[in-house]
Amino acid sequence: MIHETIVSASRCPRCRRLVVPPAPSCPDHGLRMEPDSVPGVGEVVSFTTLHSPPEGFRSPLHIALIELEGGARLFCHGDETRGIKIGSRVAVEAVDAIFYFSSLSFADRARLFWRRAGARGEKVTAITKSVVKGIWKGRSRG
Amino acid sequence: MTRFGRREESLPDLMAEAARAALADADVERPDAIVVAAMNPEEFTGEGNYGSLINTHLGFSRVPALRVETATSSGLAAFYCGYLAIAAGFHRTVLVLGGEKMSHLPTPRVSEIIGRSIDPHERRYGTTMPALAGLITRAVMHRTGLTLREISQVAVKNHANATRNPYAHFQEAVTLEAVMDSRMVADPLRLYHCCPISDGAAAVVLHAEAGPVRVAGIGQGTEAIAVRYRSDLTSFRATQSAAQAAYRMAGFGPERVEVAEIHDAFSPFELISLEDTGLIPAGKAGRATLDGETALDGRLPVSPSGGLKARGHPLAATGIAQIVELTWQLSGRAEGRQVKARVGLAQSIGGIATNNWVALLEARP
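Heads up: the protein sequence lines correspond to chains A and B, in order. So in my numbering, spot 34 of the first sequence is number 34, and the numbers just go up one at a time. So in my numbering, spot 329 of the second sequence is number 329, and the numbers just go up one at a time.
Calculated directly from the structure, the hints in this document are not laboratory data. Wrong hints could be hidden among the right ones.
Straight-line distance between alpha carbons at most 25 Å, and here's what the computed SDA-like set of lysine to any residue pairs gives [as the list claims (entries may be wrong)]:
#  : chain 1 : residue 1 : chain 2 : residue 2
1  : A       : Lys85     : B       : Ser182
2  : A       : Lys85     : B       : Asp232
3  : B       : Lys284    : B       : Asp297
4  : A       : Lys85     : B       : Leu148
5  : B       : Lys284    : B       : Leu146
6  : A       : Lys85     : B       : Leu146
7  : A       : Lys85     : B       : Asp187
8  : A       : Lys85     : B       : Gly283
9  : A       : Lys85     : B       : Ala139
10 : A       : Lys85     : B       : Leu191
11 : A       : Lys85     : B       : Asp297
12 : A       : Lys85     : B       : Arg149
Here chain A stands alone, though its shape is the one from the complex (with noise of 0.2 Å):
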């Protein structure tokens, strides 16, 4: 079972664009960003396994990039990427300030569907819309 987790996040006043980790200046518009967060659950946008990398890193490594809920995207490190697919759904987690992404069972998207549905009152509709569309295409994709 994993346990969700919020990542630091910041916002662009201007584009809404929201990234992570926190940057001083939005890339596209040069203003100063202000501080928000998001749920540390995604969806992989892709990944790769590094057979020969760099210093300091095993092989092989394994790295995905996941897009975040609102759009942020970032780069995470796994413990292998069997049954990892694009469009995965997946926990991000940060230990020692380097990202980890883990697979989502049933039971993990379900647990954090009624958790949120619960915590975020206002935002019921949206999220929920959201989270039932991510279990269906999880289940959809076996």
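Place chain B on chain A using the hints.
Chain B only, in chain A's frame:
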């Protein structure tokens, strides 16, 4: 230009070899200015202040010289600066040269130095150029249905072209099976999908007076250095913007381009780039390559020089080597690999497609 590959000479010697050949060819004894491209000689060879180092080494210490850098596309960036100097009326002849010397270092060290062009936060995850290219390749294959066979054919085609280019790093053909069975580097990218580590230099002389080939257009395009800031991995905004700017300046579009030199640092990048420049419709580059459309005798020959994969990729030399190849092609001097063309396009990728260039050259009637 010099022969690309493993070279024993120093980078200043390689640059001098390329510069002398270009000056002799242009019948210019002494240029009005020099623009030097070098991506990272400080760390590859321990030398800096490259404008001054090179103008002195060439015996032109009184000729104004500057250095230009946009990572792996530095060569076309230098070409742009040389062009600007002439277009603005500051100079009549500008020597543009670029090169890199890296093969004396162990491969992990070279990868690490090249990798410094990646966003510092993303480098903390061990991302190298092949790792990011692997990630991009998987995303493209997933989105468009591009196959490994189509990607691998780029390497086969470029190796075949290089067997006809005496300046190329590799002079051997490779089979599709050899490419597809080569060692895995960054899943799904294999060794033969990646360009080699090459030494070499290339030079060209730009002249205010009309010559056999003219610069019809040149454009730059940029993208955030952080890959995580991009909303799409399957095309390169920096190439698209550069191509738009170049076509706008030229007053014509991709339909007039008859030969191209494309930045295939990784084989799938050639396919992405052919679509980003509008030379092939979106989603069709893989099929076109497999069908031979981009081969030397195809409808649109792409990288007759052998490209980065087989001509080699001495970083800052590459963009200028593309210009040299197109100049030879457009003036009927590409012996052994001559194609029929009046307009050529060069495209160069800086970093992981953060600072890209497109140049259009046209033969004068």
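Consistency of the hints with the structure:
no. : hint                   : in the structure
1   : Lys85(A) to Ser182(B)  : holds (24 Å)
2   : Lys85(A) to Asp232(B)  : holds (17 Å)
3   : Lys284(B) to Asp297(B) : holds (19 Å)
4   : Lys85(A) to Leu148(B)  : holds (17 Å)
5   : Lys284(B) to Leu146(B) : holds (9 Å)
6   : Lys85(A) to Leu146(B)  : holds (16 Å)
7   : Lys85(A) to Asp187(B)  : holds (13 Å)
8   : Lys85(A) to Gly283(B)  : holds (21 Å)
9   : Lys85(A) to Ala139(B)  : holds (10 Å)
10  : Lys85(A) to Leu191(B)  : holds (23 Å)
11  : Lys85(A) to Asp297(B)  : violated (39 Å)
12  : Lys85(A) to Arg149(B)  : holds (21 Å)
Figure legend: structure checked against the earlier numbered hints; the only hint not met is number 11.
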